[in-house]
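A.B. asks: Residue-level listing of the chains:
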Amino acid sequence: MNDFYIILTASLVASSCALLGCFLILRRMAMVGDAISHAVLPGIVLAFLFSGSRDSVTMLIGAGLIGVFTTFLIEFFHKKARLQTDAAIGVTFTWLFAVGVVLISIFAGKVDLDQDCVLYGEIAYVPLDVIISPAGANLGPKAIYVMGFVLTVIIIFIVTGYKELFLTTFDPAYASAIGISTSLWHYLLMSAVSVTTVSSFESVGAILVVALLIAPAATAYLLTDNFKWMLALACTAGVLASLTGYYFAVWLDGSIAGAIAAMSGIIFGLAMVFSPTHGLFFKKLRQVAH
Amino acid sequence: MNSLAEFFSFADPNIRYVVLGSVLLTASSAIVGTFTFLNKRSLIGDAIAHAVLPGICLGFIVAGTKNPLVLIVGAFITGWLSLIVVEYINRKTRIKEDTAIGLVLSVFFGIGILMLTVIQKSGNASQSGLDHFLFGKAAALVGSDLFAFLIVALILLVVVYVLFKEFALMAFDKAYAKSIGYPVRALELILTSLIVLAVVIGIQAVGVVLMAAILITPAAAARFWTDKIVVMVLLASAFGAFSGLTGAYISFVAPAMPTGPWIVIVISMIAFISFFLAPKRGVVYRLIRQNNIRQTINNENVLKVLYQLGEENKNFFIHRHLDEIIRRRKYEKSTLQSILRRLLNQGYVEQTGNLWSLTEEGKNKAQRVVKIHRLWELYLTTYMKIAPDHVHEDAETIEHLLTPELEAELEKQLGYAKLDPHQTKIPYQHE
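Sequence lines, in order, name chains A and B.
At position 100 of the first sequence the residue is numbered 100 (the working numbering), and the sequence of numbers has no breaks.
At position 324 of the second sequence the residue is numbered 1324 (the working numbering), and the sequence of numbers has no breaks.
Excised from the complex, chain A in its bound form (with noise of 0.2 Å):
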């Protein structure tokens, strides 16, 4: 039963992950997506000590805010002091990581957070956090209804907000045009990155939803022109990722997440080679039959 809980958790995560991630490496934000993933550390650790536990509405919203934060003050030192790209995404977000560490240093003894669990998640202590229901039975861990609630959240949003999502990434100045607030949609695909970051935090830490974030995307990117197909496929490759780097991992009996991470790079590296329409094995058997 074990096996089950932490393969669901982590398959929740990876479908979470994905839908954002194909939004993300085609609007060009993959390292914005990755920036954030760091940033909320000290949201994390803030919130934390507001309210006492993790898994608390205050710490979600607190990472939607730190999140658009970040996002913000990116755009603000590109922007406003015209620091170009590349460099404003590295000193943001190595900044507000260091600003985390420091918090969880000052207070070691009230938070209940480390380094190690902050880069590479305990998804194997996940079965362990059960909800006990009133009448004593056990319901389950809780990641997995957190987990749940957080993809059905982003399910509800890439569904109602489907055309502007589509069109602000696709054709940003004909989105515009019709009167959709691009930067309203930025800042809201923003805001469920970093919700979907800090909730994954815990079970998976930092590195592996960055491995989240771009690899199944870019895997399904691989794989088809059409966006809906795109969205479907990268849930698969990110389900798929979790149930193979779960038993992996078990084998070599090592890191979880740093399993899945590996696995999602070896199914991202399968879809490049053998790709039907965009595989470099198939592209260089029609250049021969040519």
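No wet-lab data here; the hints were simulated from the structure.
Hints are supplied without guarantee of correctness; some may be wrong.
Heads up, simulated DSS-like pairs for lysine-lysine below, C-alpha to C-alpha not over 30 Å straight-line [said to hold, decoys possible]:
#1 A:Lys228 - B:Lys1092
#2 B:Lys1092 - A:Lys80
#3 A:Lys80 - B:Lys1174
#4 A:Lys163 - A:Lys79
#5 B:Lys1040 - A:Lys79
Keeping the supplied structure of chain A fixed, place chain B upon it in accordance with the hints.
C.D. replies: Using the frame of chain A, we list chain B on its own:
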């Protein structure tokens, strides 16, 4: 202040190691980072920092001990490999570079974490301390670390010193460097190797995630103070060294404080101060400058309206009501009032009750603006062959910008023409 004296006497060898180590690392990384920054490859540094982890683990698995040389070789291999993979994905597939960087960064790091956890559970006693590569251990530097740092820092410094001219040219104009016969590819290889080297030793001080900061942030800060690359490199290394020293001091005073993150916080603060307050490029300076320009333009436009009204009445010194000006050029009443008050202070207009008029000085200034406007319209129609009904917008801008030298040149070129393309008189000062 006792702790300050104790710290800066450097009597304690531990303090000496930590301070020297941090300063060496941050200063030499900042020098290499300046070129990374100028090549717009800041995030590549981040990718390498994450990608060396599996190499370090691999080195450990091969050697069975934490032999620094083997670890560095391992780190070098995967650091390089990550760059090759990023470039390969970028070139061969339709994946964009930023996605490729993020992908490689997280996957390599995931593999590294996997290997690290496997090693930790393997029961090999000498593995303890490998995780220092994750978060750094600047506060626990010892003599032997220092020796390795010193060598690496020396290599970085010497190579950058010898190839300075080549690196500088590559950063600014790669195509030109290629055309005059520089071995661009080889130079790129050397520069990337230097980055990998800086990363490999740097992460031992500040850890994987924050490594990008000590490469890039000093350079980003230095860029705001100078346009000269030599000065920029020196400034970046000074900023780096200062943050290294301060970070070491903070963790000396408060031993629970991690050195690495404090180094990054200090260098970030220097960068933020630079972004905002640096002369010429800083946000505050530019805002002030923009505001000044806006004020000048508004002032000149209002003077111009008063002058044009004067032309119609053949008398430049009539006292006029605000509404008369607004009918000519749209302003909020309050804005117009503040512009006029500014002009009053500068002596260009006079106020009697709620009526305003030009002074002699104001008339001359307005006349110059109007003259340039009409001369420019004439210039555009005669020399650029632009239709007379298309030249007004352009002249509206240039009238505020032209220097006296160009003004004289323009008058001469047009032979002190009497009329502009709309057959209006061009007013010269001496008439």
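A.B. asks: For the pair we were handed, A:Lys163 and A:Lys79, check the Cα-Cα distance against 30 Å.
C.D. replies: holds, 28 Å
A.B. asks: Assess, step by step, whether the Cα of A:Lys228 is no farther than 30 Å from the Cα of B:Lys1092, and give holds or violated.
C.D. replies: holds, 25 Å
A.B. asks: Does the alpha-carbon distance linking B:Lys1040 and A:Lys79 stay inside the 30 Å limit?
C.D. replies: Roughly 16 Å between the alpha carbons, so the hint for B:Lys1040 and A:Lys79 holds.
A.B. asks: Need the status of pair A:Lys80, B:Lys1174: alpha-carbon distance at most 30 Å?
C.D. replies: holds, 28 Å
A.B. asks: Keeping to a limit of 30 Å between CA atoms, is the pair of B:Lys1092 and A:Lys80 held or broken?
C.D. replies: violated, 35 Å
This entry does not satisfy hint 2, going by the numbered hints stated previously; all others are met.
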